[in-house]
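**Q** Protein sequence lines correspond, in order, to chains A and B.
Here the numbering used here is used: the first sequence runs in plain steps of one and ends on residue 388.
Here the numbering used here is used: the second sequence runs in plain steps of one and ends on residue 1377.
There's no promise every hint is true.
Stated by the list, open to error - Just a few of them, taken from the derived set where beta-carbon distance is under 10 angstroms, the chain B residues facing chain A: (1) 1016; (2) 1023; (3) 1341.
Derived by calculation from the structure, the hints in this document are not laboratory data.
All residues carry an ideal CB built from backbone N, CA and C; glycine is no exception.
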Amino acid sequence: MSLGTSHRLPRISGLQFGTVVTAGYMAMGIFYFPRQLVSAAGRDGIWAFWLEGLVTFVLMRFIFMMNHLVPNETLGEFAPKIISKPVAFVLGIYTVTYHLALAVVAAVLFGFVLSDIFLPDTPGWAITGALVLTATYIASLGISSLARTLQAGYLPMVFLTLLTLILAMSMIRHPLLLEPPSNIRMIPILQGAYREYFLFIGFEVSVTLYPFIRNDQRVRGEHFAYLGLALTIFTGTIMYEATMASFGPSLIPILRWPIVSLMRILTISGFFVSKWGLLVVVLWTNAVVAFVAIRLWCLAHDLAALLHWHSRYSYPTLLMTGAVSVFIFALWIPNAKIADYITQNFVVPFGIAYLLSVSVIVTIVAHFRKPTLRRLRQKTETKPPTPG
Amino acid sequence: MMRHKFRRFGWKLAMLCTLGLPLTGCWDNRPVDYRALVFTLGLSASSKPHELSMLFQFPTPPAMASYAKGSASNTSQSPVADIKGHGKSVAQCFDVAQAQVSRDLYLGQIQLIAVSTHLSSSLLFRALDSLERTGTFDKTPFMFATPQSVQSVVSVKTNQDAFPSLYYVNLFSCGHCQTESLGIRFWQFAADALTPGVDPYLPEVLVNKKSQKMMVSQEALYRHFTYVGSLNPQETMAFSLLKGVAHKVNIYLPHLQATLRAIHGSTHLSVRERRGQVYATFHLNLMTTLEGIGTQTETAAQLAHLSKLSSTVLAHWCLGVLEKTQKLDVDPFGIGRKLDWRYPQEFKRFKHWHNEYPKVHMTVSVKTRINKMGDIK
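Let the sequences and hints guide you as you build the complete structure.
**A** Following this line, the structure appears as structure tokens:
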């Protein structure tokens, strides 16, 4: 049975889209946060973080503009018809590699955090394996179930994290550090924003996800994605302030997982669980599983578009292929230092290049190929143009 | 269709069963009976040069069982076991200690770290750095310094708590219970030791050899990781006033035969730099309770006089402590740090803050308000 693109039924709501897009980033960089910001920019790190948020907002707008070109098809499906097949093939390979790399890095990082703090004697393959297997199971249920699972698990986790961070304010030793410094130094801020940008890399899941939103919910979906970004920046700001004002700008650069260290020192008397922060770190498993599940889902869909394989066997087969690849590549990374090196030297530059180039190139080429684009839209839309 | 559904169900079942295997936690499953939970770590210099001596103190199984039940332990036996290890690193010390213990020596429950003031800065740095890297170690134990034998200080018997470590943890974690809130956690010490413009300090514990009672009323000052000297109890009171962590400081004014107690309040440090000279001003807003006065009843004029007099005396105490720290060339108040965070360009001009700190112009402004006078009018 062929599942042609024009017959695809949009299945998720605007809120679910916003949740999936938001869950598609943050999880990978949360554990390092705000080390790279503070290492490069010192106390100016908060400006670098806000700059990252602003850049992400602009890039998100670009990506949505690209989604508006052919709203009923994924980038992998409509790109060959606009930017030529060879270029689209290269783009498809890039996209697939990109999703794979992000899933591997997230799985590895979380494996190292768990192994370092909670399960020192458990082998890395067991932790990564459990994580990838859970993510595969969630992704295997389809985007609708994935989105519902995220709504049930992700939003309460974000709320709990926020509550914990507010409680963490009680540990602040240096209230002076809460003030954003007034002597702004542009070069360190740009360096910090660049090095920490892997916090936001991953929001472009919409290039694959957009056609799955219900037609009447697309504009709302975009608004929810922006709202998710605002919530992320707000949470990140509180995280940054709590960490900075507790540890100071000299200790943060030498901590491997500053935010985890902050959560570990948080002891709240009067609760049944005294090490409340550690409980929250464990709950972040949700975020990482969600992140990996989203990557696997995207990976399977983009591979299907790349291989032009549309059957009922394509999604489960490609999903399993992606999961096994993530697991195998994750085993190749021996320690957190190598993961850090890969993140800084490959994931960040290639991720930023992808985000900057794809939407701009596709939108510009589409501008000069308006008749093709119009035909494509008419062919893929069963109804008049969708809003958004 | 049915076959397809069965196949999907089979796949999911297999997936869940496989997931169950790594989630069993077998690898890290250590029943508490197989673990020696180290509550206290002692760091001191070994008799061999450049070697560290570590003390691993953990509760004995009978004492732990009694504590869990809430009953009194057998007083004839020590409730804790002390194991010593020597070596060039924490790992070597640990291995020597582990060889003497039948159970898994576990560092994930450390509550207290006792540091000998005789320990060299390089060994202290190496030990703390290794602990910082230990994943199960959570950076929240309290630290204290002692010039006496670490083992004698951490093993002293107390009838107030089941274990000596609990005594110290209760003492340090309850800030308002103490005269001065002296508790310093591991991460706080590490942050101060690594931050330019501030020096770390630790509460100093002394044990009276005759009475075997602990005394925690002094402060040990460090320059980075080097111990440089201690403040006596009165200096420690002034120090706590300057840091804003005093709770039960008292002062006797012989002129009026008056006692003021529970002196506490807030401190604000302002730092500025002008033409290469750094000025630091401490503003202390203190509140106190009148405990007694020679005339038994007080007048408003007497209270005003007492406030002024006590402010002057406390300001002198504080200036004395500041002078002492300048002589020792340690900045536990973070004057340099404040200058760095407020005026980073100006701070950068000073190549070595430790050369600059003794030259800082200090001002202390104390305002004491007697806000409680008890039931005698």
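**Q** Each of the hints needs a verdict: does it hold here or not?
**A** Status of each hint after checking the structure:
{"no.": "1", "hint": "1016", "result": "holds, 7 angstroms"}
{"no.": "2", "hint": "1023", "result": "holds, 5 angstroms"}
{"no.": "3", "hint": "1341", "result": "holds, 6 angstroms"}
Figure legend: structure checked against the earlier numbered hints; every hint is met.
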